[in-house]
Amino acid sequence: MQTITYREALNQALDEEMERDDTVFLMGEEVAEYDGAYKVSKGLLEKFGDRRVVDSPIAELGFAGLGVGAAMGGLRPVIEFMTFNFSILALDQVINSAAKTFYMTGGQIPVPMVFRGPTGAALQLSAQHSQACETWYVHAPGIKLVTPGTPADAKGLLKAAIRDNDPVAFMEGELLYNVKGEVPDVDDGDFVIPLGKADVKREGSDVSIITHGKMVHVALQAAKKLEKDGVDAEVLDLRSLRPLDVEAILATVHKTNRVVYLEEGWPYAGIGAQIAATIQEEAFDYLDAPILRVTQADVPMPYAKNLEQMAKPDADRVVRACNRVLYRNGSAD
Amino acid sequence: MTDTSTMSREAGKGDESMAGLEGFEKDQLKGFLKEMLLYRRFEEKAEEAYAIGKIGGFCHLHIGQEAVALGFIGPLRQDDYVITAYRDHTQALAKGVDPNGVMAELYGRDSGSARGKGGSMHIFDVEKGFMGGHGIVGAQVPLAAGLGFAIKYREEDRVCVCFMGDAAVNQGAFHEALNMAAIWKLPVLFVVENNEYGMGTAFSRVSALPVKERAAGLGVPAHHVNAQDILATWTLVEELLEKIRAGEGPQYVDARTYRFKGHSMSDPVSGTYRSKDEVESKVKQEDPISLLRDRLFDAEFLTEDELEEMDREVRAVVDEAAEFAEEAPFPAREELYNHVYSEVNEHGRLFFDGRDREGED
Ligand SMILES: Cc1ncc(C[n+]2csc(CCOP(=O)(O)OP(=O)(O)O)c2C)c(N)n1
Ligand SMILES: [Mg+2]
Numbered sequence: 000m001q002t003i004t005y006r007e008a009l010n011q012a013l014d015e016e017m018e019r020d021d022t023v024f025l026m027g028e029e030v031a032e033y034d035g036a037y038k039v040s041k042g043l044l045e046k047f048g049d050r051r052v053v054d055s056p057i058a059e060l061g062f063a064g065l066g067v068g069a070a071m072g073g074l075r076p077v078i079e080f081m082t083f084n085f086s087i088l089a090l091d092q093v094i095n096s097a098a099k100t101f102y103m104t105g106g107q108i109p110v111p112m113v114f115r116g117p118t119g120a121a122l123q124l125s126a127q128h129s130q131a132c133e134t135w136y137v138h139a140p141g142i143k144l145v146t147p148g149t150p151a152d153a154k155g156l157l158k159a160a161i162r163d164n165d166p167v168a169f170m171e172g173e174l175l176y177n178v179k180g181e182v183p184d185v186d187d188g189d190f191v192i193p194l195g196k197a198d199v200k201r202e203g204s205d206v207s208i209i210t211h212g213k214m215v216h217v218a219l220q221a222a223k224k225l226e227k228d229g230v231d232a233e234v235l236d237l238r239s240l241r242p243l244d245v246e247a248i249l250a251t252v253h254k255t256n257r258v259v260y261l262e263e264g265w266p267y268a269g270i271g272a273q274i275a276a277t278i279q280e281e282a283f284d285y286l287d288a289p290i291l292r293v294t295q296a297d298v299p300m301p302y303a304k305n306l307e308q309m310a311k312p313d314a315d316r317v318v319r320a321c322n323r324v325l326y327r328n329g330s331a332d
Numbered sequence: 000m001t002d003t004s005t006m007s008r009e010a011g012k013g014d015e016s017m018a019g020l021e022g023f024e025k026d027q028l029k030g031f032l033k034e035m036l037l038y039r040r041f042e043e044k045a046e047e048a049y050a051i052g053k054i055g056g057f058c059h060l061h062i063g064q065e066a067v068a069l070g071f072i073g074p075l076r077q078d079d080y081v082i083t084a085y086r087d088h089t090q091a092l093a094k095g096v097d098p099n100g101v102m103a104e105l106y107g108r109d110s111g112s113a114r115g116k117g118g119s120m121h122i123f124d125v126e127k128g129f130m131g132g133h134g135i136v137g138a139q140v141p142l143a144a145g146l147g148f149a150i151k152y153r154e155e156d157r158v159c160v161c162f163m164g165d166a167a168v169n170q171g172a173f174h175e176a177l178n179m180a181a182i183w184k185l186p187v188l189f190v191v192e193n194n195e196y197g198m199g200t201a202f203s204r205v206s207a208l209p210v211k212e213r214a215a216g217l218g219v220p221a222h223h224v225n226a227q228d229i230l231a232t233w234t235l236v237e238e239l240l241e242k243i244r245a246g247e248g249p250q251y252v253d254a255r256t257y258r259f260k261g262h263s264m265s266d267p268v269s270g271t272y273r274s275k276d277e278v279e280s281k282v283k284q285e286d287p288i289s290l291l292r293d294r295l296f297d298a299e300f301l302t303e304d305e306l307e308e309m310d311r312e313v314r315a316v317v318d319e320a321a322e323f324a325e326e327a328p329f330p331a332r333e334e335l336y337n338h339v340y341s342e343v344n345e346h347g348r349l350f351f352d353g354r355d356r357e358g359e360d
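Protein chains in written order, with numbering that gives the first Met the number 0: chain A, 0 to 332; chain B, 0 to 360.
No wet-lab data here; the hints were simulated from the structure. Computed from a prediction, not measured in an experiment: that's the story for all the values here. Heads up, some of the hints might be wrong.
Only pairs whose alpha carbons sit at most 27 Å apart, straight line, appear in this in silico DSS-like list of lysine-lysine [stated by the list, open to error]:
1) A:K38 - B:K275
2) A:K158 - A:K200
3) A:K158 - A:K41
4) A:K41 - B:K260
5) A:K179 - A:K158
6) A:K38 - B:K260
7) A:K311 - B:K53
8) A:K41 - A:K179
9) A:K158 - A:K46
10) A:K200 - A:K223
11) B:K184 - B:K211
12) A:K200 - A:K46
13) A:K304 - B:K260
14) B:K275 - A:K304
15) A:K46 - B:K275
16) B:K275 - A:K41
One side only, chain B facing chain A, incomplete, derived with CB under 7 Å [to be verified]:
17) G56
18) F57
19) G117
20) G118
21) H121
22) P141
23) G197
24) G199
25) V205
26) P330
27) F350
For each residue, glycine too, the CB sits at the ideal point set by N, CA and C.
Can you build the whole structure from these sequences, using the hints too?
See below:
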């Protein structure tokens, strides 16, 4: 095992896949000469040259569309959005071109490509720069969505995403890039995590905190707090939101009978809404309490420090929600 | 902090000295210098406050580009509009937004110009015609066309000045907006603050043509100006505003300038994309403030004492703004849900996080 940062894990995945397959190239703003706005592509220009690591103009709609076209032409583009906030500008190409082409062509033209970059809020970046974009992407059939929360997941899932034959949105987190974790050694062979497999990040029997992406860490913090209070929480990290590991979700519901969904984004038509619908359709009889969701406040992200703190989901909110589905008064209240 | 006495003396040396001062009154020229000094001191204060954590998030300074703000906004009337990107502090000041309100916004306080909700990138003051402060590169350009459309629709005698960075001309929105402005003869002055770089990317790496030529083919008359020279800029802008007010439609300016600091407070001043030498030489030779100062010295319009007095005065304004911001309250808890909608309807639910029903906040 090697202990590396999330950033390094992504860098290794890109490096290995570009090494393995000449059709893989990376394009985006500042990805080449600047090593990436968050330094994810560090050293790749030097190693692979400017044919394969390409600095784009600030033209999200254009280079996202160029990526789709390049995929139609036989390449495997990795399109980096400096952050997914800016990809909202490119959504037409993502949804109308990338997601639908295979279907509309009756299966003639696949679009094997990855859109990647950080999603969600960092610190005090205000409304236009602090958005969890999962729902925009997961809503449209034809595109897959992956949200790794740890270095190992980042590496294994990015490799799988690049190899996948469909368009995959791969959402990272600005506040995750420096997080360290264990990742299998490069010499131990190809480390690929298949899309569509959730991961139990903490076993527990009293309540299930289901989550994805960066919120995995908040869920684990909450579980620790609950443990002090005698509550044994399970943390299920979905990792892929589409394909979704429904079996893993049902398994944890069968085990604990109580669910809290934690996500960074807004509640309306959010990821938790879909998970709750799936659970009540397929495991209604196993539920001992309504499913609760912990989300960002239903407002654009404010700049002021105190308001931002109030707006973001945090461990205390998760603890309170867990106590509510357990019908108990926690000492944290 | 830049000290007025140590600002390079070489700037403007061998320049036309008196030349170009014609057409401007002595007091007006001194006013220009004082105004730009205010912008500079304001940004230096913001830099200081950011370093000690009083300001958070992204903070983009306008240091080195002051003549763009003054040159394009100074000649406007109070009811004209200005709209811009995230590098917006000094442009807000230039449009008459209260420095206290701008600083308090940077501090994220309730007395900020946007009540602490926007922050550095989103300064707004509708009474002053300052329409923001936009964070998505290029997004303000169609908005400017829309403001122009509204002016024309309501038959108002107003103009909208729209700033954007050089990198914004690569966005589709730029081309779409300029085309509409041209076909409908909208009263908009499009200004590209061409500081040669978009973050770490030189403009020449992402555009086959120079900035000025990027509007060609859209039917918007294009101009070029050395926007480190406040007087040349001011003169051109007065001319263009006259044409726009006469109903001739939009105009476009490639305003050549240079960013003296990093892209934002989180980025280095120089690096692989531009050398330290390049920055140092620009700071030495193309500081809009020292350029004007030296011309005023050469014309004997200004003494060292007057300059010092000027600097004292603007520093007092800036210090007061920082004190005001420091003492201003944070927004109240209720503010979190205030202003999401301007109308809360009689029927139906607007918010879905359930927090109101939890009774916790
Ligand atoms: C659509 C979009 N893409 C990317 C960004 C990230 N970003 C912010 S500023 C910037 C560079 C813009 O450069 P330029 O337009 O030249 O303005 P300057 O910063 O030089 O004033 C980038 C890439 C963004 N804010 N919006
Ligand atoms: Mg620029």
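Verification of the supplied hints:
| no. | hint | result |
| --- | --- | --- |
| 1 | A:K38 - B:K275 | holds, 21 Å |
| 2 | A:K158 - A:K200 | holds, 21 Å |
| 3 | A:K158 - A:K41 | holds, 17 Å |
| 4 | A:K41 - B:K260 | holds, 23 Å |
| 5 | A:K179 - A:K158 | holds, 19 Å |
| 6 | A:K38 - B:K260 | holds, 20 Å |
| 7 | A:K311 - B:K53 | holds, 20 Å |
| 8 | A:K41 - A:K179 | holds, 17 Å |
| 9 | A:K158 - A:K46 | holds, 18 Å |
| 10 | A:K200 - A:K223 | holds, 12 Å |
| 11 | B:K184 - B:K211 | holds, 19 Å |
| 12 | A:K200 - A:K46 | violated, 35 Å |
| 13 | A:K304 - B:K260 | holds, 25 Å |
| 14 | B:K275 - A:K304 | violated, 34 Å |
| 15 | A:K46 - B:K275 | holds, 26 Å |
| 16 | B:K275 - A:K41 | holds, 22 Å |
| 17 | G56 | holds, 4 Å |
| 18 | F57 | holds, 6 Å |
| 19 | G117 | holds, 6 Å |
| 20 | G118 | holds, 3 Å |
| 21 | H121 | holds, 6 Å |
| 22 | P141 | violated, 12 Å |
| 23 | G197 | holds, 6 Å |
| 24 | G199 | holds, 4 Å |
| 25 | V205 | holds, 4 Å |
| 26 | P330 | holds, 5 Å |
| 27 | F350 | holds, 4 Å |
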